[in-house]
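Just so you know, the protein sequences line up as chains A, B and C, in that order.
To convert a position in the first sequence, counted from 1, into our numbering, add 16.
To convert a position in the second sequence, counted from 1, into our numbering, add 16.
To convert a position in the third sequence, counted from 1, into our numbering, add 16.
Please keep in mind that the hints were generated in silico from the structure rather than gathered at the bench.
Don't take each hint at face value.
[Claimed, not checked] To spell it out: a stretch of chain A is covered by chain C in this simulated footprint if at least three of its residues, at any positions, have a beta carbon under 8 Å from a beta carbon of chain C; those stretches are:
id	stretch
1	76-87
2	277-283
3	309-318
[To be verified] In silico DSS-like cross-links for lysine-lysine, where the CA-CA straight-line distance does not exceed 25 Å:
id	chain 1	residue 1	chain 2	residue 2
4	A	Lys171	A	Lys202
5	C	Lys57	B	Lys57
6	B	Lys57	A	Lys57
7	C	Lys202	C	Lys277
8	C	Lys171	C	Lys276
9	A	Lys276	A	Lys171
10	A	Lys57	C	Lys57
11	B	Lys202	B	Lys276
The model shown is predicted, which means the values in this text are computed figures rather than measured ones.
Beta carbons: idealized from backbone N, C-alpha and C, even for Gly.
In case you want the letters, here they are:
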Amino acid sequence: MTKPFRRRDLLGIRDLTPEEIRGILDTAENFREINSREIKKVPALRGKTVINLFFENSTRTRTSFEIAAKRLSADAVNISVSASSVTKGETLVDTALNLDAMDPDCIVVRHSSAGVPHQLAKVSRAAIVNAGDGANEHPTQALLDAMTIREHKKKIRGQEVAIVGDILHSRVARSNVHLLTKMGAKVRVAGPGTLVPEEFKHFVDDGLTICPHVEDAIEGADVVMILRIQRERQDSAYFPTLREYAIHYGLTNERLDLAKKDAIVLHPGPMNRGIEIASEVADSSRSLILDQVKYGVAVRMAVLYLATGGNVVN
Amino acid sequence: MTKPFRRRDLLGIRDLTPEEIRGILDTAENFREINSREIKKVPALRGKTVINLFFENSTRTRTSFEIAAKRLSADAVNISVSASSVTKGETLVDTALNLDAMDPDCIVVRHSSAGVPHQLAKVSRAAIVNAGDGANEHPTQALLDAMTIREHKKKIRGQEVAIVGDILHSRVARSNVHLLTKMGAKVRVAGPGTLVPEEFKHFVDDGLTICPHVEDAIEGADVVMILRIQRERQDSAYFPTLREYAIHYGLTNERLDLAKKDAIVLHPGPMNRGIEIASEVADSSRSLILDQVKYGVAVRMAVLYLATGGNVVN
Amino acid sequence: MTKPFRRRDLLGIRDLTPEEIRGILDTAENFREINSREIKKVPALRGKTVINLFFENSTRTRTSFEIAAKRLSADAVNISVSASSVTKGETLVDTALNLDAMDPDCIVVRHSSAGVPHQLAKVSRAAIVNAGDGANEHPTQALLDAMTIREHKKKIRGQEVAIVGDILHSRVARSNVHLLTKMGAKVRVAGPGTLVPEEFKHFVDDGLTICPHVEDAIEGADVVMILRIQRERQDSAYFPTLREYAIHYGLTNERLDLAKKDAIVLHPGPMNRGIEIASEVADSSRSLILDQVKYGVAVRMAVLYLATGGNVVN
Chain A
17 MTKPFRRRDL LGIRDLTPEE IRGILDTAEN FREINSREIK KVPALRGKTV INLFFENSTR
77 TRTSFEIAAK RLSADAVNIS VSASSVTKGE TLVDTALNLD AMDPDCIVVR HSSAGVPHQL
137 AKVSRAAIVN AGDGANEHPT QALLDAMTIR EHKKKIRGQE VAIVGDILHS RVARSNVHLL
197 TKMGAKVRVA GPGTLVPEEF KHFVDDGLTI CPHVEDAIEG ADVVMILRIQ RERQDSAYFP
257 TLREYAIHYG LTNERLDLAK KDAIVLHPGP MNRGIEIASE VADSSRSLIL DQVKYGVAVR
317 MAVLYLATGG NVVN
Chain B
17 MTKPFRRRDL LGIRDLTPEE IRGILDTAEN FREINSREIK KVPALRGKTV INLFFENSTR
77 TRTSFEIAAK RLSADAVNIS VSASSVTKGE TLVDTALNLD AMDPDCIVVR HSSAGVPHQL
137 AKVSRAAIVN AGDGANEHPT QALLDAMTIR EHKKKIRGQE VAIVGDILHS RVARSNVHLL
197 TKMGAKVRVA GPGTLVPEEF KHFVDDGLTI CPHVEDAIEG ADVVMILRIQ RERQDSAYFP
257 TLREYAIHYG LTNERLDLAK KDAIVLHPGP MNRGIEIASE VADSSRSLIL DQVKYGVAVR
317 MAVLYLATGG NVVN
Chain C
17 MTKPFRRRDL LGIRDLTPEE IRGILDTAEN FREINSREIK KVPALRGKTV INLFFENSTR
77 TRTSFEIAAK RLSADAVNIS VSASSVTKGE TLVDTALNLD AMDPDCIVVR HSSAGVPHQL
137 AKVSRAAIVN AGDGANEHPT QALLDAMTIR EHKKKIRGQE VAIVGDILHS RVARSNVHLL
197 TKMGAKVRVA GPGTLVPEEF KHFVDDGLTI CPHVEDAIEG ADVVMILRIQ RERQDSAYFP
257 TLREYAIHYG LTNERLDLAK KDAIVLHPGP MNRGIEIASE VADSSRSLIL DQVKYGVAVR
317 MAVLYLATGG NVVN
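Modelling step: build the complete structure from the supplied sequences, incorporating the hints.
As structure tokens, this is what we get:
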């Protein structure tokens, strides 16, 4: 596959074909090796400018994108917006247009409101990469999860994947449901409340099962993906206390024993140990949480490379 | 012109000769093309260290300087000071001396107090570039405005330029009045109150007119430069409400129709749409606001290059 | 000496042999010259990733490490943690493991708690460099102080060094006592209270003297090292008011006259002029405070170089 990906936005997994997803993962696999070299740098993006525009704080995701950009020799510029021109009364679109006028090749954007990357993509000549928009999508997270599954399970097709947590409000869950169903996995979701996004309903034909209990989702799973609880949502009515959450939804060794013997555990981080995941699980050999982070850099290298005009490497 | 500009501070437009201004603009024009290349990077400042020392928050200006430095291959280091050593009781001059001891080639400084760059220039071996000091000067803004006028009107000499807004407190206005009168433009200023800086009085002979009404300033103008209202000054006595400001001073299509048919509109950003500038004007083809931002990177490349020892390119 | 220093942490001076200290200082001396070149950049760390992980704010130390990394061509990534994932409930070790999974070569860490770098070193494959941990150690500060003494006094052995200030709570004092006694200097400490760290007691045989009065410490000294007062400790019982501090412990010209005629004055910065040090002293030719900052960049270049696998240069 050599489909060019010129100045192409990555707004969400929803818009991607299985072939495009495979192209990104193949490219990431090729870039992965760079990160274990003595000299972790290739000139692929020399003279390209990548802006990390973060309206929400995120040490991990920003750092991963910044390292990815620098290892490809791009010029990386961080903008952390909170007390910035947005507070000076400028509209979001004006902020984007202004940055775009400085001729960046790519703007990586994170924002607490769904749809912001799409708004920016409409006005920007730079490629827009969504690094998380509200409760909508977090496509690079789903891609690095997929890469982790592929590395450890050889393929995604046919895997039984349990996603456990606050599905409705999770951009990680949403991007993963899109990706996994497109790639032929069987997905079961479970979490507090029976609330599941309206748009997931039509996935039921595509291999999505909504489970009443966490145990139903985990039973026989090849992959158990635990969502991070959003402490900031704790005061909402349908959300249990942290203690109740741990008891009813937390991934303990007992619950994990319901999964296949060789099941792997994923978590997007940062972990709340003892709440959504027990420390014994987090630290076990089944947990691939640090592999996810490692593959995250490779996935972001691939995404930046493809977004700024590179061709799929496979 | 090949006048060297070795380790030369850019503290304000006031200190520059017309020939020096022309030298910077010519150099910027030469650098401009780099920003539209596939590989936007030249080795001009390789091994030079540029510190962006911002005591006031400014996404746009800091990003513009950072991108300019990186595209010239300089090492750019950002220091955003608020909860830093200044709060630890150190004097400003000690902060500057300390940074200077790390052998930077250039320190770009923004501060809310007028005169800070001049203080720093006295003690620093690094070239000091003023990125805005209180209500005093913002020389790179005036230079990018001049570059925009030159690109679109071919020359600055003879242009009728209206500057509208809070002239007294605007470093953008001050730097522009200096630059435009030096370069032979005719400048008319108008805004709330009849307050005009004392130092502008002697410009009256040099082509500056102080107009009682915005309409007088705009009538027949080739260039209409709108200042950003300073919301933080809103509570001061002489400042009207936002609504009154929009009514009396805001640039609407009606007001703009008083200018020449081919008049261009400039604004230093970030814009308060519907207040000092109507959206219909901001988004019209006469508005060159994004060109200003684009030229801003080129101007800052030229300034950093000349400040660190480069020769004028023309 | 060509002892390799592969992926070697720098957690404190306490763990170093005199030979290792000499190796770092020799390497720093070799790197020093780079900082006065027109092109201040060598490819020594090209393709290496250095993360500056600062849990405490520090303009000066972070900037010094960042400039050091960039002049060696490393990719430097700054993480300033306060409103980050640590506040999101993640443990410190998880934060470290996550960063480590991104394959950095070195993590420079500053934290308000003693022992954090040691914790990180246990789990991290990247080399950990301590940039200050609570009241424990600040090894690069002691190394740059040593480099300053060596440059100006030719050798460290036999120098009479007075350290004045809040010894008990000072990581600068602790690292310096370790280094100076290891290298054969005679150290006298004095400050408010008679509180001296328990661990210093056994240094008494190694050339440490605890002096009841500041004057006793300074008398006949070759080097007078003034500690910064910690304003944040001001409310504690044993700490005098700022005025009292200045009177009883501040380094004035009179007190400095007790030292040798050619005594030099050191201060780790940022200075509180008029409190722990009189301006007349700070600005005199005996004060080497800016030399310390200058050598700081060279020392940090050496430390990053050796920590990531370079060999001692001498």
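Cross-check of the supplied hints:
1. Figure legend: the stretch 76-87 of chain A, annotated as covered by chain C; annotation consistent (7 residues with Cβ-Cβ distances under 8 Å, at least 3 required).
2. With 0 residues bearing a CB less than 8 Å from a CB of chain C, the stretch 277-283 of chain A misses the requirement of three and the coverage assertion fails.
3. Taking a C-beta to C-beta cut-off of 8 Å, the stretch 309-318 of chain A contributes 4 residues in contact with chain C, enough for the three needed, and the coverage statement holds.
4. For the proposed pair A:Lys171 and A:Lys202, the alpha carbon gap of about 12 Å is at most 25 Å, so the pair holds.
5. Between C:Lys57 and B:Lys57 the alpha-carbon distance is near 17 Å, which keeps this suggested pair within the 25 Å criterion.
6. Our distance criterion of 25 Å between C-alpha atoms is met by B:Lys57 and A:Lys57, whose separation comes to about 17 Å.
7. Taking the CA atoms of C:Lys202 and C:Lys277, the gap is about 18 Å. The hint holds against a cut of 25 Å.
8. Note on C:Lys171 and C:Lys276: the hinted pairing holds, with a Cα-Cα distance of about 16 Å set against a maximum of 25 Å.
9. Pair hint A:Lys276 plus A:Lys171 holds up; C-alpha atoms about 16 Å apart against a cutoff of 25 Å.
10. Of the supplied pair hints, the one linking A:Lys57 and C:Lys57 holds, its CA atoms being roughly 17 Å apart against a limit of 25 Å.
11. With a C-alpha separation of about 14 Å, the suggested pairing of B:Lys202 with B:Lys276 holds against the 25 Å cut-off.
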